[in-house]
Amino acid sequence: MIIQDRMKVIKQRQVAKNNFEMKLSGKLVGEITSPGQFVHIRVADSFEPLLRRPISIASIDKEAGEMTIIYRAEGRGTTILSERRVGDEVDVLGPLGNGFPVDETAEGETAILIGGGIGVPPLYELSKQLTAKGVKCVHVLGFQSADVVFYEDEFKVLGETHIVTVDGTHGTKGFVTTVMEKLGDDFATYYSCGPMPMLNAVETMYAGKKGFLSFEQRMGCGIGACFACVCQTTEGTEKAYVKVCSDGPVFPAGVVAI
Amino acid sequence: MIIQDRMKVIKQRQVAKNNFEMKLSGKLVGEITSPGQFVHIRVADSFEPLLRRPISIASIDKEAGEMTIIYRAEGRGTTILSERRVGDEVDVLGPLGNGFPVDETAEGETAILIGGGIGVPPLYELSKQLTAKGVKCVHVLGFQSADVVFYEDEFKVLGETHIVTVDGTHGTKGFVTTVMEKLGDDFATYYSCGPMPMLNAVETMYAGKKGFLSFEQRMGCGIGACFACVCQTTEGTEKAYVKVCSDGPVFPAGVVAI
Amino acid sequence: MNRLSVDLPGLQLKNPIMPASGCFGFGKEYGNLYDLSLLGAIMIKATTLEMRLGNPTPRVAETASGMLNAIGLQNPGLQGVLDRELPWLEQFDVPIIANVAGTETADYVEVAKMISAAPNVKALELNISCPNVKCGGITFGTDPEIAKELTKAVKAVSEVPVYVKLSPNVTDITAIARAVEAGGADGITMINTLVGMRLDQRTGRPIIANGTGGLSGPAVKPVAIRMVYEVSKAVNIPIIGMGGIAETADVIEFLSAGASAVAVGTANFVNPFICPTIIKELPAKLDELGINHISELIGRSHRL
Amino acid sequence: MNRLSVDLPGLQLKNPIMPASGCFGFGKEYGNLYDLSLLGAIMIKATTLEMRLGNPTPRVAETASGMLNAIGLQNPGLQGVLDRELPWLEQFDVPIIANVAGTETADYVEVAKMISAAPNVKALELNISCPNVKCGGITFGTDPEIAKELTKAVKAVSEVPVYVKLSPNVTDITAIARAVEAGGADGITMINTLVGMRLDQRTGRPIIANGTGGLSGPAVKPVAIRMVYEVSKAVNIPIIGMGGIAETADVIEFLSAGASAVAVGTANFVNPFICPTIIKELPAKLDELGINHISELIGRSHRL
Ligand SMILES: Cc1cc2nc3c(=O)[nH]c(=O)nc-3n(C[C@H](O)[C@H](O)[C@H](O)COP(=O)(O)OP(=O)(O)OC[C@H]3O[C@@H](n4cnc5c(N)ncnc54)[C@H](O)[C@@H]3O)c2cc1C
Ligand SMILES: Cc1cc2nc3c(=O)[nH]c(=O)nc-3n(C[C@H](O)[C@H](O)[C@H](O)COP(=O)(O)OP(=O)(O)OC[C@H]3O[C@@H](n4cnc5c(N)ncnc54)[C@H](O)[C@@H]3O)c2cc1C
Ligand SMILES: Cc1cc2nc3c(=O)[nH]c(=O)nc-3n(C[C@H](O)[C@H](O)[C@H](O)COP(=O)(O)O)c2cc1C
Ligand SMILES: Cc1cc2nc3c(=O)[nH]c(=O)nc-3n(C[C@H](O)[C@H](O)[C@H](O)COP(=O)(O)O)c2cc1C
Ligand code: FES
Ligand code: FES
Chain A
1 MIIQDRMKVI
11 KQRQVAKNNF
21 EMKLSGKLVG
31 EITSPGQFVH
41 IRVADSFEPL
51 LRRPISIASI
61 DKEAGEMTII
71 YRAEGRGTTI
81 LSERRVGDEV
91 DVLGPLGNGF
101 PVDETAEGET
111 AILIGGGIGV
121 PPLYELSKQL
131 TAKGVKCVHV
141 LGFQSADVVF
151 YEDEFKVLGE
161 THIVTVDGTH
171 GTKGFVTTVM
181 EKLGDDFATY
191 YSCGPMPMLN
201 AVETMYAGKK
211 GFLSFEQRMG
221 CGIGACFACV
231 CQTTEGTEKA
241 YVKVCSDGPV
251 FPAGVVAI
Chain B
1 MIIQDRMKVI
11 KQRQVAKNNF
21 EMKLSGKLVG
31 EITSPGQFVH
41 IRVADSFEPL
51 LRRPISIASI
61 DKEAGEMTII
71 YRAEGRGTTI
81 LSERRVGDEV
91 DVLGPLGNGF
101 PVDETAEGET
111 AILIGGGIGV
121 PPLYELSKQL
131 TAKGVKCVHV
141 LGFQSADVVF
151 YEDEFKVLGE
161 THIVTVDGTH
171 GTKGFVTTVM
181 EKLGDDFATY
191 YSCGPMPMLN
201 AVETMYAGKK
211 GFLSFEQRMG
221 CGIGACFACV
231 CQTTEGTEKA
241 YVKVCSDGPV
251 FPAGVVAI
Chain C
1 MNRLSVDLPG
11 LQLKNPIMPA
21 SGCFGFGKEY
31 GNLYDLSLLG
41 AIMIKATTLE
51 MRLGNPTPRV
61 AETASGMLNA
71 IGLQNPGLQG
81 VLDRELPWLE
91 QFDVPIIANV
101 AGTETADYVE
111 VAKMISAAPN
121 VKALELNISC
131 PNVKCGGITF
141 GTDPEIAKEL
151 TKAVKAVSEV
161 PVYVKLSPNV
171 TDITAIARAV
181 EAGGADGITM
191 INTLVGMRLD
201 QRTGRPIIAN
211 GTGGLSGPAV
221 KPVAIRMVYE
231 VSKAVNIPII
241 GMGGIAETAD
251 VIEFLSAGAS
261 AVAVGTANFV
271 NPFICPTIIK
281 ELPAKLDELG
291 INHISELIGR
301 SHRL
Chain D
1 MNRLSVDLPG
11 LQLKNPIMPA
21 SGCFGFGKEY
31 GNLYDLSLLG
41 AIMIKATTLE
51 MRLGNPTPRV
61 AETASGMLNA
71 IGLQNPGLQG
81 VLDRELPWLE
91 QFDVPIIANV
101 AGTETADYVE
111 VAKMISAAPN
121 VKALELNISC
131 PNVKCGGITF
141 GTDPEIAKEL
151 TKAVKAVSEV
161 PVYVKLSPNV
171 TDITAIARAV
181 EAGGADGITM
191 INTLVGMRLD
201 QRTGRPIIAN
211 GTGGLSGPAV
221 KPVAIRMVYE
231 VSKAVNIPII
241 GMGGIAETAD
251 VIEFLSAGAS
261 AVAVGTANFV
271 NPFICPTIIK
281 ELPAKLDELG
291 INHISELIGR
301 SHRL
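Residue numbers (the UniProt record's numbering), protein chains in the order written: chain A, 1 to 258; chain B, 1 to 258; chain C, 1 to 304; chain D, 1 to 304.
Only chain A is shown next, with the shape it has when bound in the complex:
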């Protein structure tokens, strides 16, 4: 169930240049059903900035009632969020949307998780859940440059991890596809989250494979009521459009017209 929760900030730390990790506690955590779901955050109680910010859930600790988000402080809203301190309360709506299907990969199979920039966070909880059930995870994580790389160690603990930077300052130089080309396609499923051009490249390279992609769109309500966040679907799909917030953000490869 979607709830509106005033969650408590219990940790806030910078994990890379302009990138922050925030741990929040509250009963909303109990409602999360799959990795890749997101929350819609009101960064301040004032009316400016007005709209909520959609941020993926990066990891969950159901027992402790805690969840972690990782976000880039770039615009007005996320910058204000980065100024929140331990003890502050944040108005969080969620969990929203449909996440990555963990059950689409069976125990013993291999999954490739491809993330770009701020698309990396939701893959962390996904990888935790996949590896926990015995799936072998290979991570391909792309960033602009070394100073914005985060969670490398955390992913390494879970499985093979390839870091790619556009400027070559860390890991492989190039794009995620540079590494993907070398990895071949001997895997059961791929999961990906990142900017549209990356998703496009991933879907194209893995054409025919089973895969799940998480999309971004500017949002209003975040719950499916305002039609702000629609994507057109490919021909042959039943609906003419899908809503990223409530039908997605994760869709099987081939559904959304990229």
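Each statement offered as a hint is correct.
Computed spacing ranges between beta-carbons, pair by pair:
| id | chain 1 | residue 1 | chain 2 | residue 2 | range |
| --- | --- | --- | --- | --- | --- |
| 1 | D | A175 | B | R13 | 56 to 64 Å |
| 2 | A | Q14 | B | V157 | 45 to 53 Å |
| 3 | D | N236 | B | P101 | 58 to 66 Å |
| 4 | B | T234 | D | R205 | 25 to 33 Å |
Hints were generated in silico from the structure; no laboratory data involved.
Treat the numbers as computed from the prediction; the structure is a model and nothing was measured.
Where is the CB? At the ideal position from N, CA and C, for every residue including glycine.
Start from chain A and add chains B, C and D with the ligands according to the hints.
For chains B, C and D with the ligands alone, coordinates are given in the frame of chain A:
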């Protein structure tokens, strides 16, 4: 000189129902020239609330570079201000306006200081400076009811202090004039700050006496440029209007048409 | 006695609070969050004769205390609304106000005729003010004569009272209001969005794919209040006021300005529980103001 | 090379940043805070033929990300401005744009003739859009024919180029813009304030003594950007854009929309150092955008 200072909150405490005392430190303190001057506070860096809030300077510690304000958290802006915590920075413009003239009362003379509600704070620094130079201060402080009375002890240390509440829950029941009637007019100067009806009553009762009144008006710029805060003057005064922010907020009795 | 009840043509409202058209879909999503029967009424998303896919994305952009939208009237079309959306809403004890849009008079008339016959549709809201579709829409809302003729044509076929939704993007909104009153409108809803634009500072391009969009949210409230005040003095039919309502105090302001009920749009995105929250807070607010029944507030500003 | 210089009729601007009329008085107060020669220009407070005391107080009210004002053109009158205000400003190396207001054509003409002869007045800004005075003002700004005639009359007597300040409270701002261009205007300044209102929730009374006021500040920026965009496509004279500018990025947005320079109003109250701050930040912003000279930004949105 007027400066814009990001002052540090070094103390924030509630002194009565909805009334807060905030101590701020910064170089602005060095610019304060008289009690009754005020500062113009931007309560948050966002554009809502947009305008600064005018708040009187309640006391100054030049050596420590600290000043205290006392304010009622009622509307949007002051409520946000009350949520600021020690260590936060607040954008303060000041010192603004012309305060109470301390030199209008000589050593050994008596001054009556009449304050109403949030008009009480500037009288505190005024009383400190007057008593320091050997003026005998009598304080008449009016409030709505007992739960919003503040600084009673602080004023008592400085001199005779009469508390008046409208509902009689503390001190004398009635208005400041109820006490003033009993005090008679054996004093050199009166100083007053409070709501317009109170100022009106004070000026009327003390007609012919030397007095100084501090006024309130809704403000834009706070420095004299926008013409938001004007008051009409009485006939016979040279200017047709005065600006509360830059010509005031304190005017000699008889200048402003109440 | 219900201190919050308001009676308007076709609408017996438990309370004067309803979600504004386009900000609440057809109710399903918010229906997952709270009981829709709590609401005074529901203004559903604009319905057009044919299904519409709307504009390309991005369709929304944030502005200071506001937002721009150019959804482009995406909706499943008259038949879809009649078949799937309205029947689902019948489970709730709440009157529906159907927002009717079109590109020419014949569209409006056809949609109005059909949708006004649905059992739970108690009133129509004629959308002559949508700034986000290329033809029709807003032109009906800027020319008094055209607005009047359209109102007449729709009134002739509608089985329920007709409210006309006014555009704020005009020099004299009272002229349009008087025209639709003369055309037979039973009420007025106002304001729709102000036409606005934002450019991406990096590229210089409009952030919204459509170029311009409609500005809504707290930023526009002073304009809305002014217009409700002006129109309520100019006409004798009731007004449902909207534009920037985000808290209970705003409702008091709109009623004081002359609205008989209000709609909440953008604020649903900020706080999805805003409508029930306001409804819950209203009685205490009336106490605070020393007022017995909410209707005493209506048009207070005129009497002073 | 000065990367920020902009040449406009009558105005050689060191940079395209100037305080907007009414938000900077006649410069004295801000002159205590920083060197006014830093500014591109200064738009002084509206000057009328006779001294005006303005409206009763309260004259301002806060709104979400904006404010309402109804100062009512308080000013010392033409003679006072000529005798005391303009001479004081001569110490600074900064062109003055004199905002001219009146209630009838003859007033405007008289003020324009006299004030345009002052040595530091390099351009006039014809205020046909003040919403806060009972007669004149805004009516000149809502009727294209009247706006054109007034422009002509003022052009005939002015010794410096004439910019006309447009009201946003119109159905079609391009019609007014084309009219004043046809009337001989050398440039356009826009936007003046949107007419708005706020009611005190306790009493139901307008907060501003005048009833309505002019809405300004970040809240109105999307409307201003849209209008600058529309007008810059409709006319061939330059635009000085304003409405809600509060930070450097906003300047980029206005120039991209089609303004050649900008004015900052309300933001001076929020941050009295906003004009010099923006001027200081602009070169780095140009670097960030990979642009050499600021003029490359002007009307960028049209070229895409
Ligand atoms: C489902 C989903 C999950 C996301 N998960 C993450 C995450 O885990 N970490 C992270 O750093 N970012 C994530 N994003 C992107 C994040 O929402 C934007 O970076 C953020 O909204 C920008 O806000 P701002 O205040 O920095 O920028 P501003 O420029 O102030 O934003 C202005 C408006 O545009 C919207 N906006 C701007 N960029 C985007 C964008 N890329 N996507 C959607 N809306 C945008 C904002 O939400 C806001 O309404 C996610 C986006 C979506 C849709
Ligand atoms: C010179 C001067 C000194 C003051 N000193 C103090 C003080 O020491 N302590 C204190 O508690 N209050 C003081 N006030 C009053 C204080 O400025 C207002 O209570 C405060 O601005 C209200 O802001 P808000 O956010 O609570 O209300 P809101 O309702 O959010 O305010 C909305 C707008 O109205 C203005 N406004 C509302 N009430 C007043 C008012 N009474 N006077 C001026 N502007 C108002 C606000 O500044 C703001 O622009 C002083 C006012 C003036 C003019
Ligand atoms: C995303 C969005 C979609 C809207 N769609 C419609 C619509 O379909 N029909 C309509 O008449 N108004 C529509 N509106 C306008 C609102 O109903 C309302 O008139 C306006 O937003 C002002 O109210 P607000 O400030 O409370 O949002 C829409 C507004 C928004 C923000
Ligand atoms: C307090 C105040 C006084 C104003 N006085 C005038 C004026 O005298 N003449 C004028 O043309 N515009 C006047 N304006 C309008 C501004 O010049 C400007 O057009 C408007 O405020 C929009 O810009 P902003 O949002 O940056 O304030 C005034 C605005 C404010 C806020
Ligand atoms: S954000 Fe409103 S429908 Fe998706
Ligand atoms: S507040 Fe602007 S002149 Fe006083």
